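K.L.:
Residue-level listing of the chains:
Number of protein chains: 2
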Amino acid sequence: MTSGPPSEAVDLGLWFATFNEIAILAQLSRTLMEARLPHGLLQPQFGVLNHLVRVADGVTPLALARAFQVPKTSMTHSLAVLERHGLVEMRPNARDGRSKCVFLTDAGRKLRDGTIAALTPDIAALAHRFDAARLRGALPVLTELRQIMDTLRDPVSGHTGATGAQDP
Amino acid sequence: MTSGPPSEAVDLGLWFATFNEIAILAQLSRTLMEARLPHGLLQPQFGVLNHLVRVADGVTPLALARAFQVPKTSMTHSLAVLERHGLVEMRPNARDGRSKCVFLTDAGRKLRDGTIAALTPDIAALAHRFDAARLRGALPVLTELRQIMDTLRDPVSGHTGATGAQDP
DNA sequence: ACTACATAGTGCGATATCGTATCAAATGGA
DNA sequence: TCCATTTGATACGATATCGCACTATGTAGT
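So the protein lines, in turn, are chains B and F.
Quick note: the first sequence uses the working numbering, first residue 1, plus one each step.
Quick note: the second sequence uses the working numbering, first residue 169, plus one each step.
Keep in mind that the hints were calculated from the coordinates and are not lab data.
In this text, all values refer to a predicted model and were calculated from it rather than measured experimentally.
Just so you know, nobody snuck in bad clues.
Chain B regions said to be covered by chain F (calculated; three or more residues, Cβ under 8 Å):
| hint | stretch |
| --- | --- |
| 1 | 9–20 |
| 2 | 24–32 |
| 3 | 124–133 |
| 4 | 136–145 |
Positions of the beta carbon are idealized from the N, C-alpha and C atoms, including for glycine.
Produce the complete structure using the sequences and hints provided.
P.N.:
Set out below in structure tokens:
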């Protein structure tokens, strides 16, 4: 055999440690956010709301599922919650009869802005203790890693199928 | 009022973007892992198993809940699953009659090692596309951020109460 | 046009997550 | 010692997550 693995050993520990930290940080940020969200709304729902404001209105549920890398059924549920609360509106997709488009309502926009405002002191407290420059340095690494994992994702099953564009 | 905020504006966008990437990466790594886990085991359970191997055996459920920053009830559930599968053993805590100690079984150790082995090619594929040095640079930032968020956590309610030591 | 296949969304069931309430053991005063 | 408070763990219920299977629409090949 001539072309085995890169012959350079992979630092498994590094990767596991990273994923471990990421999992815990996700948990911490979730808790942080949900402490400021109105009753009945959880982080996934707020994430969608925020995405609609920051990126674009009128996208399809599947595009959202891809953006967040969750199964489409999970996104269906999140959107149903948001719609039940009157925060988004689902309209038929003129270009594709199977599809729908998700639009923010005024209430949705307002609630998102209010939540951001409510979160600001918490973030400020964090920023007070943690140098933003370090974060700014780490963020591109996270982004690139996310993109690569995106790409490597098995484009199989009912999960979501393919790569999802993220906030540009 | 004399001592308002640091008068320096906080880069909210930076923080939100970071938390956003972290949430998606957590999702991606979860999916990656669960694709290699035996049926019936999910990432949280494997995380516990891995922690017991890497850090220490014989810790209490509450210590585990703190380490992962999940509510104690979630940890109770995860441990029940692991115990049902014969992967861990719960013994009474000699030092505290209310408490228990979690121990790995041989099956648990074996399953953890097998899963690591099964994951290695996936990690290797990642490592092939992503420079480990960059990851190594970013990891301390994540760790420190996690520690700080740990510290700032409201030590309230039934969540977990306090800071949890993480893999040293 | 007709048939195959792919794709968008959803209903359903199994399981996970987590807040609240509860119980039992420990701790710390009076 | 007795009582109040704290702390570790769990039961329970509400909701979230997600895999599977299904429908409906779109797309391609003939």
